[in-house]
Structures are given as C-alpha cells and as structure tokens.
Amino acid sequence: MKKKKSENQMSLGEVLQVLGKSIREYKKSSILTPLFVAGEVCLECILPFVMAKLVDDLAGSSVQPILRYGAVLLALAMCSLACGFLSGRFAATASAGFAKNLRKDLFAKVQDLSFQDVDKFSTSSLVTRMTTDVTNVQNAYQMIIRIAVRTPLMMIFSLIMSFSINARMSLIFLAMVPVLGVIIFGINAKVMPIFNRIFKKYDAMNESVEENVSGIRVVKAFVREDHERDKFHKASEEVRQDFTMAEKILAWNTPAMNACLYTAMLLVSYVGASLIIRTGGTGFTTGGLFSLITYGVQILSAIMMLSMIFVMVSMAQESALRISEVLVYEPTLVSPANADEVVPDGSIDFDHVSFCYAARSKNWALSDIDLHIPSGTSVGIIGGTGSSKTTLIQLIPRLYDATEGTVRVGGKDVKHYDLVALRDAVAVVLQKNVLFSGTILENMRWGNPNATQEEVERCCRLACADEFIQQMPDKYDTWIEQGGTNVSGGQKQRLCIARALLKKPKILILDDSTSAVDTRTDALIRKAFAEEIPDTTKIIIAQRITSVQDCDTILVMEGGRIAEQGNHESLLAKGGIYREIYDSQTGAGRKEAG
Amino acid sequence: MAQEKTRGPRGQRGPASFKSMRQAAAPGTGKRLLAYLFRYYRARLMVVVICIILSALSGTVATVFLQRLIDEVITPGVTSGFAFVAGKFAGILLSMAIIYVVGVLASLIYSRIMATVTQGTLCHMRDDMFDRMETLPIRYFDTHAHGDIMSTYTNDTDAIRQMIGQSMPMFVQCSVTILAIIFMMLYYSIWLTLVVGVMIWLMLALTGKIGGESSTYMTRQQKSLASVEGYIEEQMNGARVVKVFNHETRSKEDFDRLNDALFSDSERANAAGNVLMPILNNLGNITYVLLAILGGLLVFSHAVNISLVGADTITAGIIVSFLSMSRQLTQTIAQISNQVSLIAMGLAGAGRVFALMNEAPEADEGYVMLVNAEKDADGNITETAEKTGLWAWKHYHRATDTTTYQELQGDIEMEHVNFGYQPDRQILHDVTLYAKPGQKIAFVGATGAGKTTITNLINRFYDIQEGKIRYDGINIGKIKKPDLRRSLGIVLQDVNLFTGTVLENIRYGRLDATDEECIAAAKLANADDFIRRLPDGYDTMLTGNGARLSQGQRQLLSIARAAVADPPVMILDEATSSIDTRTEALVQQGMDNLMRGRTVFVIAHRLSTVRNSNAIMVLDHGRIIERGTHEQLLEQKGTYYQLYTGAFELE
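Protein sequence lines correspond, in order, to chains F and W. For the first sequence, the working numbering gives the first residue as 1, with consecutive numbering after it. For the second sequence, the working numbering gives the first residue as 595, with consecutive numbering after it.
If you are wondering where the hints come from, they were derived from the structure by calculation, not from laboratory data. The beta-carbon is built from N, C-alpha and C at its ideal position, and this holds for glycine as well. Any given hint might turn out to be false.
Only part of the chain F face toward chain W is listed, based on derived beta-carbon distances under 7 Å [stated by the list, open to error]:
{"no.": "1", "residue": "L47"}
{"no.": "2", "residue": "L74"}
{"no.": "3", "residue": "G88"}
{"no.": "4", "residue": "R103"}
{"no.": "5", "residue": "V209"}
{"no.": "6", "residue": "G215"}
{"no.": "7", "residue": "A221"}
{"no.": "8", "residue": "F243"}
{"no.": "9", "residue": "E247"}
{"no.": "10", "residue": "N258"}
{"no.": "11", "residue": "L266"}
{"no.": "12", "residue": "I277"}
Looking at chain F on its own, in the form it has when it is part of the complex (with noise of 0.2 Å):
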C-alpha cells in the first residue's frame, strides 16, 4: 500500500491554488463584481463632492447651476445604483457558479476514491465537505469579491478625498485607523479561541439531544428521563457560559469604534472650527468640515467590515482546506497503465493474501488466505460474524487491494487489470442490498444499461423475481422508493440478484444475499445457477447450512483464516465447527435435550 498519510498542513496559497481550478467559466463574473464594485465607490465618493457644489449654489442667485448639478447628481446616483445592482448579480453569479464547480470536482473525485481512502476520510465527513464547507466557501468567494474589494477601496477613496480637503485634519483620522485595528483585531484574537471551544461543546450537547431523539425508547424504558435532564442542562450550561464570555467581549466592538469616531469628530471639530475663525473662514469653510466628517465615518466603519470579513473568511478557510484536502487527494486504487481489458474466464486465486484494513494496526482482517478456485465450480463460505467472509470476497472484484500476497483472477493479478473490466466481470450482490429510486427496470439496467426488456425479464425470472413483479401494478415499471423501502428483504435481495446477473459476469459472489429469501426459493434460484449459468465461477456466503451445502467447495471462515475446507459430507463427518453449525440449525442436538 501507498505511504499517503495526512501530509503536512497545506498551506493558505497551495488551498487557493487547488481551489482557483474549480472557478473555470466563472472567471468572468469574478473579475466583472469587483470592477463593477469599483465603479459604485467610486461614483459614491464623487457624489458628496459635486454635492457640496450643489450647496454652495444654494446661497447663489440663480437656479440654474442647482437644476444642473441636480441633473448631474441624479445621473451619478443612476450610474451608482446600476454598478451595485450589476456587482450584485455578477457576484451571485460568480459565488453560485465557483460553488456548482466545487461539488462538481468533489463529486467526481469522490466518485474515484476506493473504499480505503472513503474509511479515512469517513462517508459523513465526505458528504459534509460537499454540502456545508461548499456552502461556506460559496459565502466567503461572495464576500470577498464584492466586500472585501468595496472596503478597502472605499477606504482609500475617502482618505485621498479628505486629504484632498485638508491633509493635516485627514491626518487625525489617519491617526486612528491603527489604534481602531489594533482594537478590533485584539478583540477577535482573543474571541477565537472560545469560539472554537464553544462549537465543540455545541456539538457535544447537540449529539446529546441526537441520543435521546433516536433512543427515546431506551430512556423511557429504563426511566432515565431526569438523569438525561441532569446530563443536558450540564451541557446547555457549560455553552452558555463560554457563549455569554466570548459576547461579553465581543460587546467592546461597537463602542471602541464609537469611542474612536468621536473623539476623531471632537478633534476635527475643534482643529477645523478653530481653524476656520482663525482664518477668517479663508483657509478651511464649513462645508468641507462636513465633508470631512462624512469620509472620517467611511473610513473607521471600513475598519469594522474588514474585521468582519477578516472573522468570515477565517471562519471558512477551515472549510477550503477540507475541500481541497480531497481535491488533491489521490485515489489508492486505481488502473494501472496498460491495463489488461480481458478477464478471460473465472477462476479465482489467492496466494497466501492477508489483509488488514487500516495500514498502520497489524489488526489482521485476513491472514495467510491460499484458495484456488477452478472457473464454473461453486464456493460456499460459511462462518460467525467477524471472521471476514466480506473481507474476503471484497478482494476479487478489487473493492480493496491485498496487502500481502496476490489475488489474481483468471490468471492474472487483480491489479494489472482496468478496473472497469475487472468489476464488470465479477457481480457482487452485497450483503446490504441497495436499490436506488426509480423504476424496477431502471435499477436493473444498472447491471447493463443497454438490456433490453427481454434480457431483463429473463434474469429476473432466473432470480425468481419475475413472480412478484408480475403481480405489482405497473410491473416493471413500480417505482422504487430511495433505499427501496417499499419492497420485502426478500423481493429486494431477489431483486438485486437479478440486477447482477444482467451484466453477464464470470464470477458472481452472493454475499449473504439469499437470507431473506425463503428455503425454497432459495433453492429454485440455486437450481437456476446451476442450470443457467453453468460457467459462471460462483461463490456463496450464507449463514444456512442449506443455502450452500450442495456447493462443489465449502469453505468454514474463522478469525480470518479459513478454518475447513470440503464439501458437504467430507465437513460433515469432520465433526468440527461446520457440523456444529449444522446441528445448531437443524436442531439435531436440543430436540433430545428439550
């Protein structure tokens, strides 16, 4: 197996690196927000320039120049509004598309992750990286091409506008833009860390709530309602504690802010009024002392929406890199070149195989597995739970790769096959047996899409699934519902069966896949493979002796060794595991003793 172990952290650049792939025909929208954005702030900081034009006018004689800054104004305030609404549509486009983008490659590349790198990362965490961390990156990409381009520039627009009107008072403002950062920055670095502890603690006491949902059985059963009580307003306490800590800081944001805009309004009151008596009202006018005091509020609310979008971003860079952690993985398991696109018959072997599923535990699944299986004779496994019967055949079609010793397939090395060929040439009917929703005829051309309907039927009937389809309203056209719930255990595993002899394999392997099947049934489709499908390699597991004890082969599974070896009678007379199995379900033994 690949040493491919968590590698180093990536890093902030590699993240947006693998990230930046996935913006591909939204590249466009990306670039448009932010011009667009550009031209609102900038039309936005022009209009109390020409406006204050507009005011001097005021004191004038004639109505002339008002009516024409007014028509100038209004047209600047159109433009305006036309920037932000087109920023805006533009940004939601971007943000949509970069997201759809996101799920598209995750998708596809989960689609190629074998089964060991799906357990590393685990299905819900996977399922997560494609819903929620999509989501907030989507919000982030959102935020950063139209706020956090908007906020800065309208920072520097009003700095350059106030140093326009007067460098030395611009200079107070300018004064306190680091001591407002260096505040606002504080107050967050010091609110992170309790965050983080709180979403633990959420999610602590929300999986608590989760337990007594689904268990509310067990806790009425064993009346445990006010230990449950106990448990919870521990944990809802706990959250509101660090909760109540984390806003009490958090409180100091708005009122540091505050506390600076005014003192900066004070200190430009005072230096500019004084200034324009001294003067004489020459050096400094009471319009641009309103100017100023406008672009002073720009520039200090401009400090908060960073630190805002600092705290947003931040908060989704978790996210990003989860997303790209995937993205760049690479799949264990995959075709080698020149691949081998022929499996040219059935038989199966396994030179001393042992296995075992995480790399680093020598937890042996398998050990020291050597099987030779002639092609068109019939296997039966048979053994307790644990002792890796599904481990077992899950090497065949390749589902996880050996990690000592070979298995090889007519012939040849599972690994030197395309994997494609490869699986179409073993059907495995799962021991969770998954229909998907949609038609019976749908979930059945899974196994080959071009069946035609005759086909179909014909495999069903081998399955003994035919029967019952019959009798359903729209026969092969009944809607299955997701997970199809609305078939038995045993129409389902029936039809599953059917499902896989569709694809015509060389190998077929039921994995526990007759157990809801009744006894003669259960015989009838034996009878079928026997009969209809002579030269197919076919291996069974079951848990009833009847289910495989008229196979050529039987294997007794234990601990991850195959423990006998024979067929029915040869077992039998052994007198070992396999004839006690045998006893325990025929009842030969407890009738007396009953």
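Starting from the structure of chain F, add chain W where the hints point.
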C-alpha cells in the same frame, strides 16, 4: 422488523432552515418570547432599553450640536474673532464630549448585558424544551422526523439568538433614531419631510418586493440543496453498488443535473439578496439630490415653509441640516430592512420551539408504585429502602386511607385488546393472552403483523383503545408509568447507545450498579470477551451510537444493559437478530440464565430462538392465529409449521 419510522437523516440542516424561511410564526409568538425574556431578566432589560435609547439619541443629537457649532461659534467667530466665542466653543465641545461618552458607555453597557440576557434566555429555553421533550409520549417521536426535532435545537435556537442578541436591540435603536429624526425634520420643514416620506415609502415597497423574491428563491435554493444532499447521501451509502456496477460516470451525470438546478436557484436567490443594499443606498442618494433640488427651488421662490414651530421662509441652513438628517434616516432604514428577514426567521424559529413546548406530555394517572420489599416470617410484606430482590406493588387506597402491599409476580394478561396507532387503522384485533410468572412467551409473524406493537402496549409506550391489560391483576393504567417501566426490561432490535464509556453504557440499566455488577452482566451476555479486546476495554469511549462496534456487538451490550437492570419481566424484541447463529448459541446460555425465573416476551424471526418457549403466538395482521408450544404447533401443520420448514418468507 420494527415498525416503520420516519427518521430524518442525522444533523440535517438544509430543510429546516428552508422551513424557517417559509412558515410564518404563529400569532402570539413574539409576545411569548418577550414574556420569556422578561421573566428572568426584567430589571436588566429595563436598563438595556434605557441604554439603547441613550445610545440612539446620542448619535442623533450630535447632528444638532454640529449645527450649533456652526451657527453659534463659527459664524460669529469669523466676524468677531476667536476670543469672543471661546467660552461658547468650549461649552459646546464639552457637551458634545459628554453626550458621546454617555453614548459609548450606554452601548457598552447594553451590549454586555444583552450577552448575559441572550445566552441566559437561550439556556432556559433549551432546558425547558429538553425537559418537555423528555416527557413527551413515544407517539411524538414516531410521528415527527428526527431531523426536524433536532433542528429546533440547532437552527431555530440559532435564529432566536440572532434575533434577541442583534436584531431586536438594533430594531429598537433604529426605531428610536427614526422617530427622533422624523420629529426633527417636522421641526424644520413639513414640505421637505413629505418628500422624504415618499422616498421612504418607495424604499420600503422595493424592500418588500426584492425581499419577497429573495425569499422565494431562497426557499427553492434550500429545496434543491436538500435534493443534492439527498443524492450525495444515497450515492455514498450505495458506494459499493456504484463501484461493483461501474456506475460512476452515470452517477456523475445525474449529479450534474441536480447540481445545475441548485446553481440556478442559488444564483437568483443571491442576486436578489445582493442588489437590495445597493438599491437602498442609492435611493438614499437620490433622495438627497431631490431634497437639494427642491430645497434650492424653495429657497429661490421664497416659498413659505411650514414647520411644527410655525410658518417662515426656508433658509439654506435648514436645507443643509435636512440633508444630513435624510442621509442618516435612509441609512437607518437600510439597516432595519436588513434585520427584517432575520427577525422573521427568529420568530419562525421561536414558533417551532414553543410548538414543541406546547406538546402535551405523556399522561400518567397511575398511583400504584413499585417498591423494594421485605417479607417477614408470616409472609407479611413491608417496604424497605434497600434492594432486596423482592418487589412489591404499593397501593394507596384513598377511600380508607390505607396502604397495602402486593408482591410482584410477573403475571401479565391481555384481554380482548384492540389497538391502532391511528384511530382509523386498527393494528391489533381482539388479542388475548396470559403470561404466568416465569413463563416465556414468543411472538412470531411477518413484518407488520403486530408483534412489536404488543410490546409497546405492555410498557405503555402507547395506550390501548379497547380491552384490558393486567399486571399481577392490576390494570396497568393504574400503575405509575415510571414504576411500570422499571419493572420491565427491554432489549430492542435497534440498539441505542449513549456517548460515554462501555461501562457507563452498561450501567445505564441501573445507575447504582457497581463495576463488578456491570462486568458480571457483560459476562452473562457474552459481551465480556469482545469488550476486553477493545482498545481501552471497559473504559473505551463510545461515540456516535457506538459507531465503532458491529451491530452484533451492540446487541450484546444492549443485553448486558438489560441484565444489569435485573427487572422481573423482560421484553426481547429481536434482541439477537444481528448475532450469527453460532455466537447466538453461545449467548443463548446467558440469555437462558437471564430469563430464568422471569416472565419473558420474545420476538424473533429466527425460530430456533423461540423454540423452547412456554407458548408461541403466531400473529397475522394483528390477530393471533395459532398458539401453543413448539411441538403442538408443528403437529397442527399450520402457518408455524410452514414458517418452520421455510416455506414462507418471514421478512
């Protein structure tokens, strides 16, 4: 084999917030929420309101002072010199400083108090909600999607936090500001105020329209998000099937279709949300321009200005101050319109939280209690505090004011019981059965035959509609529910474990059990072996409902949990369904030990498990169609015989 349940997927977030966008809160929700706030924090909230008003006013009044600075200091100063106005100047600056300091302090004080109030209220709400939830009948959990219940704790409380902590103070502050500005505007000029009024009306109308569009698409976005999530989960859960059938390419194509739909809804929802602020801001700018033009025209035409203080000609000074007020006003309105959707979401969330709190708790009119008892030499039963292994029913007779004790035997009778989960769909028909103390009674039958339903009735998870159920001759309706349930041990097919160590999970059966007792119970259930092989043995932490354990191992733990509870009557509902036959044979001995001397109800689809029962009931569509011992039923050659010989499917 358990009955069909409607369970939402774990931690489902999308659909819940989608609902919060749609459903308006029930009337009275706001009132009730306020009552909640004021119940615990009346005094603090008074301080908060005062501080908010102070902080709002300080922001507004500042404009007035700037006006005074110009009229009373700068203008005369320019003509008469600095010394002439120095006193006035200092006075105005000082009052401004004082007002600012008050404003800053007020906002600091209310923000900090609100942190306590918000989190405290939320904590009270959560606790009340959880307490109520624990009292709700099983029916509630069977009829509500678990994802929906969860989201009242997550999404809805979050929305309420937003509303109480941010939107409400801001709403009050903005309202005060708006009122103050409108008052001042009227004070200056009624004509110009009318212009502002028209523009505000336009802004509000646009907010409503765009906001409506935004929430329509938001709803659609949440819907398509939910279907994308559903598809991802379906594909992930069926990943093995996808792989063995080489279905990856087609899966991707289907995904792309759903993903594209999500994109277009998301794009439109965001677009509507994005354009609102620029539109409002620029409408503010336009208002500003219109005021300037109109004001200018009024000045030049020497029109008569009407204001609250009388009629006069309009001046440039009035227009200038009006302009800054209108800017402040439109900004405040933009702020409020931002809060409206948050408040609606918060109210909708509060509505659902209160709906949960309004659910009627499980009714319990029982009065017979279960107590530890001692028996003296004469056979008289007395109550005792210690655990004696002997239990008694304690009856209090009000008529005679006497208390009698009756030894717990474990004798259960059902007579002519009829039951349906919904009144119009009867599940059980005329079920009559007797379980004598120490007997093992088995139920056999297809899914939906009513086996689990019967056990649901014995411990009163559901109440019967007709007939009688008696426990030691006492109608179970007269027994207090907690006492009834403590006398019944139950092992269910769906095992639920709790976050905690293995030992804690076993101890769940009896909180005062010693470690030794728990380990003995684990041995009895044949779980000791695998527990010791876990990384930390009995101290191994279990999370996510014991996700690291196999279904069979979880069932063994669940049996150990019931064993430690040591109840006189046991219900085993498919307790060993996921344990293979060989391990089951090993567990069987422990199970037999566990069942000895107790009345036991067993449900199993594996007939080998029920063979040695005293009586086997074969259920079909809610009726007992055959009953008898294994041998008797085989002789009858009826349904049981066919099941036993495998001619019928059970699942």
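Going down the list of hints, with the structure as the test:
1. L47: holds (6 Å)
2. L74: holds (5 Å)
3. G88: At about 3 Å, which falls below the 7 Å cut-off, the nearest Cβ of chain W leaves the hint on G88 of chain F intact, so it holds.
4. R103: Given a least distance of 5 Å, the restraint on R103 of chain F holds.
5. V209: holds (5 Å)
6. G215: For G215 of chain F, the interface hint holds, since the closest Cβ of chain W sits about 3 Å away, which is under 7 Å.
7. A221: holds (4 Å)
8. F243: holds (5 Å)
9. E247: OK, holds: E247 of chain F within 7 Å of chain W, min 3 Å.
10. N258: holds (5 Å)
11. L266: Interface hint status for L266 of chain F: holds (6 Å vs cutoff 7 Å).
12. I277: holds (4 Å)
When the structure is compared with the earlier hints, no violation turns up for any of them.
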